[in-house]
Amino acid sequence: MAIKKVKDFFKKVFSGLFKNKKDIKLGFYGPPNAGKTSLANRICKDFTGEEIGSVSKVPHETRSVQFKEKVEISYQGKSMTFKMIDTPGIATRVDYEDFLKYKVNKKEAKIRAKEATQGIIESIKWLDDMDVVVIVLDATENPYNQVNITIIGNLVAREIPVLIVANKSDLRKASIKKIEEAFPEYTVLGMSAKYGKNLDKFYEEIFKISKKSK
Amino acid sequence: MANKNSKNKKIKGFSIRFMPYSEIKHLDSTQRIRRVLEIVFNNYILIIQGRLKPEEETRLIEDTMAMIGHVKDFKGIELAVLGSDEKRGAIDRLKNRLVVGLSGGDLGAVTIIGPASIVKEIKRDPKKIELMLNK
Ligand SMILES: Nc1nc2c(ncn2[C@@H]2O[C@H](COP(=O)(O)OP(=O)(O)O)[C@@H](O)[C@H]2O)c(=O)[nH]1
Ligand SMILES: [Mg+2]
Numbered sequence: 001m002a003i004k005k006v007k008d009f010f011k012k013v014f015s016g017l018f019k020n021k022k023d024i025k026l027g028f029y030g031p032p033n034a035g036k037t038s039l040a041n042r043i044c045k046d047f048t049g050e051e052i053g054s055v056s057k058v059p060h061e062t063r064s065v066q067f068k069e070k071v072e073i074s075y076q077g078k079s080m081t082f083k084m085i086d087t088p089g090i091a092t093r094v095d096y097e098d099f100l101k102y103k104v105n106k107k108e109a110k111i112r113a114k115e116a117t118q119g120i121i122e123s124i125k126w127l128d129d130m131d132v133v134v135i136v137l138d139a140t141e142n143p144y145n146q147v148n149i150t151i152i153g154n155l156v157a158r159e160i161p162v163l164i165v166a167n168k169s170d171l172r173k174a175s176i177k178k179i180e181e182a183f184p185e186y187t188v189l190g191m192s193a194k195y196g197k198n199l200d201k202f203y204e205e206i207f208k209i210s211k212k213s214k
Numbered sequence: 215m216a217n218k219n220s221k222n223k224k225i226k227g228f229s230i231r232f233m234p235y236s237e238i239k240h241l242d243s244t245q246r247i248r249r250v251l252e253i254v255f256n257n258y259i260l261i262i263q264g265r266l267k268p269e270e271e272t273r274l275i276e277d278t279m280a281m282i283g284h285v286k287d288f289k290g291i292e293l294a295v296l297g298s299d300e301k302r303g304a305i306d307r308l309k310n311r312l313v314v315g316l317s318g319g320d321l322g323a324v325t326i327i328g329p330a331s332i333v334k335e336i337k338r339d340p341k342k343i344e345l346m347l348n349k
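Quick note, the sequences are listed as chains A and B, same order.
First residue of the first sequence: 1, per the working numbering; consecutive thereafter.
First residue of the second sequence: 215, per the working numbering; consecutive thereafter.
Just chain B, same shape as in the assembly (with noise of 0.2 Å):
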């Protein structure tokens, strides 16, 4: 993670883009979410310095169900939080994040959301992610 601000790192068909939560801050959920979609179907991996709102995670994944079938090769997002309190309980995970959500993200989480297929080729081949984060 050296690179942790350099913009959008491109390798074989996929890029990573890193976003600080003071990106999407002051959006509303409606703003927000359609600012995400716009990277994801890009073909980035997004990953933000913070998180969403349970509402706008179920928003995220209402709006690319609809557009699965759509959008060529588009299967899904993959989402992932990976918190600062990691080691809590996940309901009092989600307390706390109540809490730092209305006071405005909970910058010790970062957020991945991306494509399901590339996602899915990051499994099959996980050296992929490290090469690129290691450039």
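Here chain A stands alone, though its shape is the one from the complex (with noise of 0.2 Å):
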């Protein structure tokens, strides 16, 4: 008797241990080219020194799910360790014809049209996987695409926090507000990845959240 509970209470110790150790993983979403690798770059570059993919003005440059294990983010004297995950995020379309006006030939369009379906469907895999999500919008864009409300649903039914990230603040076509009134329930981040504009807030939100995630 005395022995089972020496075992639990080491089974607790440890189990408990073990799950504050556990990386906590940080996915990022949202339609191709808004700025999800630029933005994970940064944070990586910050705490890691190196990056987490390559960026392109050509949508779909990141066509597989890139991960960067251990990733301690400090801020304020606190700190968390995450493992970031930056998508290829999700389309509903993908047209090879698309990659030509990039100096790209037919038949590498194809090519990357092919993995760029096939990091689309890595992506929603993903999902269900994540414990913190930020969804990167490119704020110059119409938000009232209905896939960014399909990925924040498919989050609440799994109750995964979710940080907003309007990118490209440094445009001057870029509207905040209007991501604000198409989100008004979720906090909205006004970034520029670009510049690394309001990173601190960026922290601070995710350890707000990360808090939140189970």
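Calculated from the structure, these hints are not laboratory results.
Fair warning: there could be bad hints in the mix.
Said to hold, decoys possible - Derived pair list, reagent style EDC-like, types lysine to aspartate or glutamate, alpha-carbon separation capped at 20 Å:
(1) A:70 with A:131
(2) B:286 with B:252
(3) A:125 with B:276
(4) A:201 with A:185
(5) A:107 with B:270
(6) A:110 with B:276
(7) B:286 with A:98
(8) B:334 with A:95
(9) A:125 with B:269
(10) A:125 with B:270
Each chain sits in its own coordinate frame; assemble them with the hints.
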């Protein structure tokens, strides 16, 4: 009897320790070209010195899910360890002809399109496994896109906390307000991943919602 | 929208198919998605009186992504939901949808799903859809 108690005690302590040590899975979602990789790179660079993936003006540059483990983010004396997960994002259409505009030849364009569709499927499969999700939107674009609502709907159903980033706030056309109006129940953070604007606020919000994650 | 109940109207290469939610209400998610896909792959723009669950929408995206490159000229879908609750915030809408979803479809909402290539064509020439709806 006593032995069982001791065993239980250790089990509790160790599982507790293990739980605390487990990285929080932080996923980046949003439409192609919104700046998911740019933002994930900023964070990874700040805390590990390395980037997570390559950025490009050509859409679907990220065509498979990219990871960076053990990224310890420190902010105002606190720190949390994350597994950063940069996804290709989710779109409902992929047209190889869209690549032709960027000096990609037809054969390569078709390969990219194929990889892009697989990347989208992979992104969807990963939705279930996230602890916290950042949805990166391009603030110069119309936020009333069913895909954004679909992603959030899936996260709400699974009780996964969400932060919405209205990216590219450096551009004159950007409207943070429009995005706030589209998602009034969420914290919407205006940022520029390119120029590192509002990163402090980003870390603050991430810490806040990560505590809510199960 | 005079002919709400008429079924399949054809106009130059594409057609619209109206579907009351009751037609898919009794189906499980897999069957429901299959029914939607059948219609979309027949080059119809499908207008559902009601809406799908969020996880059905992601399943639909997954399934259609897997078809790109395998079905000739298929480039994916366009998906739009016009809500009866359009003026509310997205999450309010979501909550509302969860409630109505459980009770069997938000009949005030309308879901539009079409092959991306056709929707692109309509965007380029919006007169086409007006013509079709006024016919
Ligand atoms: N002006 C501006 N451009 C950005 C910003 N963030 C990303 N971009 C650009 O947007 C394009 C897509 O960025 P990327 O990070 O690859 O987007 P992803 O597809 O969401 O991963 C690239 O040309 C980036 O340089 C930003 O904050 N401001
Ligand atoms: Mg990327």
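Verification of the supplied hints:
A distance of roughly 15 Å separates the Cα atoms of residue 70 of chain A and residue 131 of chain A; the hinted pair therefore holds under the 20 Å criterion. Simply put, residue 286 of chain B and residue 252 of chain B have alpha-carbon atoms about 15 Å apart, close enough for the 20 Å limit, and the pair holds. Proximity of residue 125 of chain A to residue 276 of chain B is assessed by CA-CA distance (about 9 Å); at most 20 Å being required, the pair is judged to hold. At most 20 Å may separate the alpha-carbon atoms for a hinted pair to count; residue 201 of chain A and residue 185 of chain A meet this at roughly 18 Å.
Taken as a hint, the residue 107 of chain A and residue 270 of chain B pair is broken in the structure, with Cα atoms around 33 Å apart against an allowance of 20 Å. Proximity of residue 110 of chain A to residue 276 of chain B is assessed by CA-CA distance (about 19 Å); at most 20 Å being required, the pair is judged to hold. A distance of roughly 17 Å separates the Cα atoms of residue 286 of chain B and residue 98 of chain A; the hinted pair therefore holds under the 20 Å criterion. With a CA separation close to 11 Å, the supplied pair residue 334 of chain B and residue 95 of chain A stays within the 20 Å bound.
Between residue 125 of chain A and residue 269 of chain B the CA atoms are separated by roughly 11 Å; this keeps the pair inside 20 Å, and the hint holds. Our distance criterion of 20 Å between C-alpha atoms is met by residue 125 of chain A and residue 270 of chain B, whose separation comes to about 13 Å.
Hint compliance for this structure: hint 5 is the single one not met.
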